[in-house]
Amino acid sequence: GDSVTQMEGPVTLSEEAFLTINCTYTATGYPSLFWYVQYPGEGLQLLLKATKADDKGSNKGFEATYRKETTSFHLEKGSVQVSDSAVYFCALDDSGGSNYKLTFGKGTLLTVNP
Amino acid sequence: DAGVTQSPTHLIKTRGQQVTLRCSPKSGHDTVSWYQQALGQGPQFIFQYYEEEERQRGNFPDRFSGHQFPNYSSELNVNALLLGDSALYLCASSLVAGAANYGYTFGSGTRLTVV
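As they're listed, the protein sequences go chains A and B.
So the first sequence is numbered by this note's numbering: it starts at 110 and just counts up by one.
So the second sequence is numbered by this note's numbering: it starts at 1404 and just counts up by one.
Read the hints as simulated data drawn from the structure, not as lab findings.
Even for Gly, the Cβ is constructed at its ideal location relative to N, Cα and C.
Hints should not be assumed to be uniformly reliable.
[As the list claims (entries may be wrong)] Per label pair, the in silico range of CB-to-CB distance:
#	chain 1	residue 1	chain 2	residue 2	range
1	B	1472	A	176	24 to 30 Å
2	B	1410	A	190	31 to 37 Å
3	A	119	B	1460	42 to 48 Å
4	B	1514	A	163	14 to 20 Å
5	A	192	B	1482	27 to 33 Å
6	A	176	B	1473	41 to 47 Å
7	A	187	B	1459	21 to 27 Å
8	B	1431	A	194	43 to 49 Å
9	B	1464	A	215	34 to 40 Å
10	B	1430	A	163	40 to 46 Å
11	B	1406	A	185	34 to 40 Å
[Unchecked claim] From chain B, some residues computed to sit far from chain A (all C-beta separations above 10 Å):
#	residue
12	1454
13	1511
14	1517
[To be verified] In silico EDC-like links for lysine to aspartate or glutamate, alpha-carbon gap of 20 Å or less:
#	chain 1	residue 1	chain 2	residue 2
15	A	169	A	151
16	A	215	B	1456
17	B	1429	B	1465
18	B	1429	A	151
19	B	1429	B	1488
20	A	169	A	193
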């Protein structure tokens, strides 16, 4: 079945540092890929998405490229801010394979210190 | 434009009791999915409703049931509560035709504590 494996946390960075959170996936079809962010005490917010190979999703300085050959969707940001502190979830939607659901990784807690 | 609304925000129940959680989808969305998020884990898919029918179900026992109403709102019911049912329950809405491309909109969740 479908699965998502993402980098174990927690990750602690200083403000303005470079961020990478690794994410790899297994899927039967050709999934769409997502990064969601969860701030303390809140639900999930869609951060960015990519729907086909080589697509690059981007939002608020975050980027991720859909790499079919390595089945990866790593999240990157060039300069993190304290306000980026949150839990980040990589997810896939394999509706093309009739799954009609999101499969999530376990999440990576990011803490950015001033 | 209201997003996904869930109620209640917090709930404490006793083992063996039953609970009903409610969700109103984002305006214009026709599909509602429910997820269970245990502490420190990623959300796990419970089931999805479309056209008032359960469209797909995750690996959850029959104690978990749901319903979708003609206005697209939804309920999640859990019977015979166990301590392990303590979690954040998230509702997500989407357009059935576009979920894979446009993603899902999540509510802030209902925090259920079973004692």
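Status of the hints after comparison with the structure:
At about 41 Å, the beta-carbon gap between residue 1472(B) and residue 176(A) misses the expected band of 24 to 30 Å. Between residue 1410(B) and residue 190(A), the C-beta spacing of about 33 Å keeps the proposed range 31 to 37 Å intact. Evaluation of the 42 to 48 Å hint for residue 119(A) and residue 1460(B) yields a failure: the beta carbon distance comes to about 33 Å. Remark: the range hint 14 to 20 Å for residue 1514(B) to residue 163(A) is contradicted by a beta-carbon distance near 40 Å.
Restraint check, residue 192(A) to residue 1482(B): a C-beta distance of roughly 41 Å breaks the suggested window 27 to 33 Å. Restraint check, residue 176(A) to residue 1473(B): a C-beta distance of roughly 43 Å satisfies the suggested window 41 to 47 Å. Range check, residue 187(A) to residue 1459(B): about 38 Å between beta-carbon atoms, so the 21 to 27 Å window is missed. For the hinted restraint 43 to 49 Å between residue 1431(B) and residue 194(A), the CB-CB distance of approximately 32 Å leaves it violated.
Remark: the range hint 34 to 40 Å for residue 1464(B) to residue 215(A) is contradicted by a beta-carbon distance near 22 Å. For the hinted restraint 40 to 46 Å between residue 1430(B) and residue 163(A), the CB-CB distance of approximately 34 Å leaves it violated. The hinted range of 34 to 40 Å is not satisfied by residue 1406(B) and residue 185(A), whose Cβ atoms lie roughly 27 Å apart. The beta carbon of residue 1454(B) is kept farther than 10 Å from every beta carbon of chain A, the shortest such distance being approximately 13 Å.
Against the 10 Å criterion, residue 1511(B) falls within the reach of chain A, whose nearest CB is about 4 Å from its own CB. The claim that residue 1517(B) lies off the interface holds: its Cβ sits roughly 20 Å from the closest Cβ of chain A, which is beyond the 10 Å cut-off. Restraint check: the Cα-Cα separation between residue 169(A) and residue 151(A) comes to about 19 Å, which is no more than 20 Å; the hinted pair holds. Between residue 215(A) and residue 1456(B), the direct Cα distance comes to roughly 29 Å. Violation of the 20 Å bound is thereby established for this hinted pair.
Proximity of residue 1429(B) to residue 1465(B) is assessed by CA-CA distance (about 27 Å); at most 20 Å being required, the pair is judged violated. Between residue 1429(B) and residue 151(A), the direct Cα distance comes to roughly 17 Å. Compliance with the 20 Å bound is thereby established for this hinted pair. Distance hint between residue 1429(B) and residue 1488(B) is unfulfilled; the C-alpha atoms sit about 26 Å from each other, more than 20 Å. With a C-alpha separation of about 10 Å, the suggested pairing of residue 169(A) with residue 193(A) holds against the 20 Å cut-off.
In this structure, the hints that do not hold are numbers 1, 3, 4, 5, 7, 8, 9, 10, 11, 13, 16, 17 and 19, in rising order.
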